[in-house]
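Peer 1: Take the sequences, apply the hints, and build the full model.
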Amino acid sequence: MQGGEMRIAIHRFAAAVLFASVAAAQSGGPYQLDKLTISSGGGTQGGGNLVVQGTAGQPGVGQRAYGGSYGFSGGFWANLIAPTSASVRISGRVRSADGTGISNVSVTLSDLGGTTLRTASSSFGYFSFEGVSAGEAYVIRVASRKFNFVEPSRVVVANEDLTDIDFTAEPEL
Numbered sequence: 655m656q657g658g659e660m661r662i663a664i665h666r667f668a669a670a671v672l673f674a675s676v677a678a679a680q681s682g683g684p685y686q687l688d689k690l691t692i693s694s695g696g697g698t699q700g701g702g703n704l705v706v707q708g709t710a711g712q713p714g715v716g717q718r719a720y721g722g723s724y725g726f727s728g729g730f731w732a733n734l735i736a737p738t739s740a741s742v743r744i745s746g747r748v749r750s751a752d753g754t755g756i757s758n759v760s761v762t763l764s765d766l767g768g769t770t771l772r773t774a775s776s777s778f779g780y781f782s783f784e785g786v787s788a789g790e791a792y793v794i795r796v797a798s799r800k801f802n803f804v805e806p807s808r809v810v811v812a813n814e815d816l817t818d819i820d821f822t823a824e825p826e827l
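Positions 655 to 827 (this note's numbering) are the ones given, in order, by the sequence shown.
Incorrect hints may have been included.
Label pairs and their calculated CB-CB ranges [stated by the list, open to error]:
(1) 811 / 751: 26 to 36 Å
(2) 703 / 814: 24 to 34 Å
(3) 810 / 703: 16 to 26 Å
(4) 750 / 788: 24 to 34 Å
(5) 797 / 752: 19 to 29 Å
(6) 817 / 774: 11 to 21 Å
(7) 826 / 740: 35 to 45 Å
In case anyone wonders, no lab produced these hints; they're calculated from the structure.
Here a beta-carbon is modelled for each residue, glycine too, at the ideal position from N, C-alpha and C.
Peer 2: Shown next as structure tokens:
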């Protein structure tokens with residue numbers, strides 16, 4: 655593609671994205687914008703049941719148009735999409751080889767940025783980390799002076815509450 659063709663393709667793509675997001679947000683009914691052009695170069699773009707027909711020029715850019723309860727702000731605007739950072743809970747249990755809970759085992763939770771949270775297992779071996787950011791990867795480690803563990807660390811991705819992160823100690827000799 656030449657420079658001019660590339661700009662036209664980019665403008666058409668931006669217009670298609672803009673109208674697809676607006677059309678997806680509507681709850682029904684036909685909507686039509688008359689006498690406003692939003693795309694340079696003209697042409698038709700479509701996908702699924704959506705079609706954008708553009709004409710040469712951009713008289714609608716930077717203007718506001720209103721009619722009834724609807725409004726239109728011309729231009730190419732994109733909503734910023736940011737992570738919600740909702741919090742989740744990561745919990746589990748530390749057990750001996752025979753399945754009973756082990757108390758006072760050190761449990762650490764580290765994110766990829768190096769932030770570390772620490773707790774100790776309860777009298778029945780349970781541990782929990784509350785308010786952990788969703789969508790992140792974490793390393794969970796257990797350590798004890800009295801016990802060695804079959805799998806002393808795990809990597810998890812906390813997209814939702816994780817409640818069954820269990821660690822089992824090796825059998826005593």
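Peer 1: All hints, please: hold or fail.
Peer 2: Results for each hint:
Taking the beta carbon of each, residue 811 and residue 751 are about 28 Å apart, inside 26 to 36 Å as hinted. Our hint of 24 to 34 Å for residue 703 and residue 814 holds, since their Cβ atoms are close to 33 Å apart. Range check, residue 810 to residue 703: Cβ separation about 40 Å, and the 16 to 26 Å hint is violated. Our hint of 24 to 34 Å for residue 750 and residue 788 holds, since their Cβ atoms are close to 32 Å apart.
For the hinted restraint 19 to 29 Å between residue 797 and residue 752, the CB-CB distance of approximately 20 Å keeps it satisfied. At about 18 Å, the beta-carbon gap between residue 817 and residue 774 stays in the expected band of 11 to 21 Å. Distance hint check for residue 826 and residue 740: the Cβ-Cβ separation is about 41 Å, which falls inside the suggested range of 35 to 45 Å.
Hint 3 from the list above is the single one not met by this structure.
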